[in-house]
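S.K.: Chain by chain, the residues run as shown.
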Amino acid sequence: MADKRMSEADVVARIEDGMTIGVGGWGSRRKPMSIIREIARSPLKDLTIVSYGGPDVGLLCATGKVKKVVYGFVSLDSIPLEPHFRAARQKGTIEAFELDEGMFQWGLYAAANRLPFLPTRAGLGSDIMRINPQLKTVKSPYEDGEELVAMPALNLDVALIHMNRGDARGNGQFLGPDPYFDDLFCNAAKQRFMSVEKVVPTEDLLKEGSIHTLKINRMMVDGVVEAPQGAHFTTCEPDYGRDEAFQKEYAATAKDPELWSAFYAKWVDVDAATYRANLAERG
Amino acid sequence: MEATRSDICIAACADAFRGDGEIMASPMGTTPAAGARLAKSTFSQDLLLTDGVCRIVSGVPKMGAKLDEMTIEGWMPYRLVFDTLWTGRRHVMMGATQIDKYGNQNISCIGPWEQPKVQLLGARGAPGNTIYHTTSYWIAKHNSRVLCEKVDMVSGVGYDRAAALSPEQRRFHEIRCVITNLGVFDFATPDNRMRVRSLHPGVTIEEVRDNTGFDLVVGEDIPTSRVPSADELRMIREDIDPNGWAAKEVPA
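Protein chains in written order, with the working numbering: chain A, 1 to 283; chain B, 1 to 252.
Just chain A, same shape as in the assembly:
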């Protein structure tokens, strides 16, 4: 049985310029931030980020890693607008593929099902069709003949997700109230990397949650990163909630280059162990 444990740096070594990266979680919730930071401080460039977006998108925009963002929203939840994403959009430094949230799910689902598209009504009549001229409609081949949006597959080179627990082989467990779409991201991707709060022996997986919480199985994962506090400052319930004070500081850096430099030096351009040490010191 393969031991799939690796470091954040090992994950980044498997990513290439120009790749399409899907990131699990939702807004500022259960984001694989320790891997995101490792990408942010790497020389990688021209990435396409596919995300129910939060600070993952913002941080990668702020560090110049992003060519294009595929999103339904980008938000910090308690701070509705992600300031770094906002700055990048307003400066015009990134391309955008904006979708309805449900279309986005359908795109992942199509990719996971190895289909070219899935039909939906979502998008019809809205400007999603105007701003994305690549989107096409498809006519039902049945008697109804209804014209529907053909949501194209969002095929991913890499999926990055964060779970509460996992084993060394890649079985993953969410213990919070919402699994989000992490399983779809994995199934839509060629390479799948999962960080977890804690790696536990396989026989301990059911000690903290029911069988229903084992949403990710080892077929869906190529690498496991043990990353305590790995989702910080986003939520990772029930292990920890959002660090709202930290998030406020992060958000403030979008308007002040000096604040950003200081934040980058202390909280981005550091390895995971140093980050945790800085966090412990902060108290």
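Worth flagging that the hints you see were computed from the coordinates, not collected in a lab. Small disclaimer: the values here were computed from a predicted structure and weren't measured. Ideal Cβ positions, reconstructed from N, Cα and C, are used throughout, including at glycine. Check each hint, because a few of them may be wrong.
Claimed, not checked - Listed next, with one range per pair, are the computed distances between beta-carbon atoms:
(1) B/GLY213 - A/THR137: 26 to 36 Å
(2) A/ARG130 - B/ILE222: 32 to 42 Å
(3) A/SER140 - B/PRO251: 46 to 56 Å
(4) B/ASP83 - A/GLY18: 32 to 42 Å
(5) A/PRO141 - B/ALA188: 30 to 40 Å
(6) B/ASP51 - A/MET129: 30 to 40 Å
(7) B/GLY21 - A/SER42: 48 to 58 Å
(8) A/PRO141 - B/GLU207: 53 to 63 Å
(9) A/MET129 - B/ASN143: 25 to 35 Å
(10) B/ARG209 - A/GLY241: 40 to 50 Å
Since chain A is already given, all that's left is putting chain B on it; use the hints.
M.R.: For chain B alone, coordinates are given in the frame of chain A:
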């Protein structure tokens, strides 16, 4: 107990959910959240409400209730929200940064989408919500920047856009009403242009016209918005919103 402007707005939001039956009410924002709770406490007791995260709550917990103060009756993670909204068993009340006379709503950006002057949330679920089930809007500050001639991006689909679709494509589209701090508006006109349904007590039609960026359809007799009963006022103050959050959103 005297009804305040905020109470009138809460009752108007509640009335939007009247007759909805056993479906999920998704109120976005403070006053809609109070309104949906009032509806569920009184005339629409079969509504399903969530804690704003992913738990379906039994009864009517007060706004801001902690987890251990609520009885959970079901699970509604984001994936089931999409499943539910595609069945149509949902009525969402969203906000709008811009809304036009046909009910087209924008929450994406101000200025050209290609490089916006102001990036907002993104389209979120608005395109899917509006094409799959009933939608209403809540606007806490009625002014001509929000209620404007033309929106910069159509996130939520309005009636002129729906009319351009085929009858099959638009068959689930319904913008039931737009509730603002000044009045209640709907689209019950021959060409589905926004109409004044009622003005809140003390509001004049001139005030509404001065603060609206397009021509509203105005009938000869303009009704006054419903004033909540003494029972409803007690529920709002004591059970639903004891911290008075909605009253802060719509000052007296």
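S.K.: Against this structure, judge whether each hint is valid.
M.R.: Structure-based check of each hint:
1. Checked against the hint of 26 to 36 Å, the C-beta distance between B/GLY213 and A/THR137 comes to roughly 32 Å, which is consistent with it.
2. One distance hint, 32 to 42 Å for the beta-carbon pair A/ARG130 and B/ILE222, holds here, with the actual separation near 36 Å.
3. For A/SER140 and B/PRO251, the hinted distance range of 46 to 56 Å is satisfied, since their beta carbons lie about 51 Å from each other.
4. For B/ASP83 paired with A/GLY18, a C-beta distance near 34 Å keeps the hint of 32 to 42 Å intact.
5. Hint check: A/PRO141 to B/ALA188, Cβ distance near 37 Å, so the stated range 30 to 40 Å holds.
6. The hinted range of 30 to 40 Å is satisfied by B/ASP51 and A/MET129, whose Cβ atoms lie roughly 34 Å apart.
7. A beta carbon spacing of about 54 Å between B/GLY21 and A/SER42 agrees with the range 48 to 58 Å that was offered as a hint.
8. For the pair A/PRO141 and B/GLU207, the beta carbons lie near 54 Å from each other, so the given range of 53 to 63 Å is met.
9. Remark: the range hint 25 to 35 Å for A/MET129 to B/ASN143 is upheld by a beta-carbon distance near 29 Å.
10. The beta-carbon spacing between B/ARG209 and A/GLY241, approximately 47 Å, falls within the hinted interval of 40 to 50 Å.
Violated hints for the displayed structure: none, as all numbered hints are satisfied.
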